[in-house]
Amino acid sequence: MQELREHFEAFLGGDNAAFAELYRELNPRLAAYCHKLGAPNAEDLVQELWERVIAMRSLSSAKGVGRGVVSPLAFLFRMLRNLITDEYRKAKDEIPIEECDVTDWPERASSYQESLEAVIFEAFDKLAADDKEVLALNIYGEFKFGEIAEMLGKSVDAVWQQASRARTRLRKIVEMDAERLGITLPQKRELKEKVLA
Amino acid sequence: MNNDTQLDRIIERALTGDGEVVRSRFASVPNSGLTTRLAFATASRGLFASLGAKLALYVTGAAIIGGAVYFIPALGQKPQPVIAASAQRISAPEAATVVPSVVTTSTDLPVAAQSEHRLKTRIAHHTPVEIHLDEGGTQNIPHYIDKRYGPPLN
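Protein chains in written order, with my numbering: chain W, 283 to 479; chain C, 33 to 186.
It is possible that part of the hints are untrue.
Listed next, with one range per pair, are the computed distances between beta-carbon atoms [what the hints assert, rightly or not]:
#	chain 1	residue 1	chain 2	residue 2	range
1	C	R69	W	Y370	18 to 28 Å
2	W	E288	C	P105	53 to 63 Å
3	W	Q443	C	R45	19 to 29 Å
4	W	Y370	C	I96	55 to 65 Å
5	C	T68	W	S437	37 to 47 Å
These are calculated hints, taken from the structure and not from any lab test. Since this is a predicted model, take the numbers as computed values, not measurements. From the three backbone atoms N, C-alpha and C, an ideal C-beta is built for every residue, glycine too.
Okay, chain C solo, but in the shape it has when bound (with noise of 0.2 Å):
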């Protein structure tokens, strides 16, 4: 039993000892490495943050804006009564009166129709004229005779 415990004693110092020089071998200070990634983490959650923010600022900002332009004008206005063009009474439905008809018969051509038959009276009345042809003999035949143009040399 004593032997047991003082070897036991011995495999705890042993191990105890090589358990610091194991520890004492790693760092307990972050290397630039990972120095480097803590602070690009940082940077870009800061810069995704900043993006986000003024994002949210500018989708706000519109959002104002915009509802400003659509409501403002219609604000103050007060709103107005439709006038009617004949003012009607509209309490009391009125009784149904039965209207005669009235049927009007027109003289008058339509457009079309007046001057087809304007077209037609003129071509009823029309007196035909002769046509006297004067071609005014050969004197209107223009003549040309080149110099070196001459009969034929016999």
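This is chain W alone, in the form it adopts within the complex (with noise of 0.2 Å):
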């Protein structure tokens, strides 16, 4: 986190090279965050808040934005959800996300694996946004507690036991829908195997 803030405030500063090395850090993580929770066009998203951090340091020579900045991570987050909400407001007027069909993936599938797996991603979209957000953070945004906590502004406890319970979550959509398309869970798949042999 210190050297992110070396590379904000470097960039701030003038140096180009900074900024490469933010967004090599920042840009895949942020995106697949982006695109995690199931915002549209999640690539013209972080391109739109690179663009502004960009244009944040010509304002920052003349007015100082940016210049307190204390945690560049949380900063350029709050941006990236700011963007986020915007794009939703949009396009409210286009079909939900949730009413896209997704059922049919599991019968797409080729193999057992992909079945279930097709299941589990399904499952995390069901996921409350809250809940979303963490794991989408921790797994796909590959940020630690400590980070997603700096970014949402709670303490690590916090966000520690939200992941935990979004986990027990996940699990539990994923058991009903497994069972609601008929797919065996990998345990009780052995003790069926077991029963037959």
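Dock chain one against chain two, each of which comes alone in its own frame, and use the hints as you go.
Below, the structure written as structure tokens:
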């Protein structure tokens, strides 16, 4: 995190190499988080984020914008979250992501593993927004709990507990969906195979 | 419990694998659009900084030159004392004295009054001259008869 702060300050000071470092470190992770939240045009959103960051440098020299940023990670994350919210507002008239038919994924899957993975991904999308956000940041963004706490403005313990609860809820959704779709879960499958043998 | 742990591991593995795939879809190097913007921002920043520096330099130079033009002529010159037309002792005020006023009368008339007086004198001593009008009879009247003009034919 200290390294990110140094890069951010160097970038504001006019160092383009520091921007490249920031981008390399954060772009795929933030974009993955953005994508996993179901934001339409995740790539465009992160592009917009970086454009704003570049524009901020001009303002930084003129008005001191960005100079007082304690945590660049939290700062960028909030900017991105605002962009996602705006994008959702704009896309309100379009078809909501919940209405997209994804129930046929397991049927299209060619193997048992693919079917199970499809159920897991679908279950992930069904999570509540807060649970999904923490898991998306942790798993898809590869952010540590300390970093997520900084980004969300929460304590590390609170984030850890929320992630734990989110995982429990995810498992329950997976179990229910697997049962509904007739997919046997691994433990039960092993038992079934043993019985049949 | 064992079932839950196994399922948890499967879920974790599936999501982690998916995370890697998703992250790999997004670039880790700024694209051309961002690079251009960055270059433009850097260039404009440098340009404005350069213009600002130049402006500051010019203003400072102008201020120095202006100051020099204003102050240098006055430098090295000793303050000159103001000399009064007649030296007067100002240390002790003189006692007030009563000076009798002298009224003089002039016999000379002012210029306007003089010319008026002269005119009046000339009018008073003027002798009238009789005017004789000599028109010279009819010889001074020009006669011209057009050749084509004649008495009416009877």
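- Message: When the structure is checked against the list of hints, which entries are broken? Sort them ascending.
- Response: none
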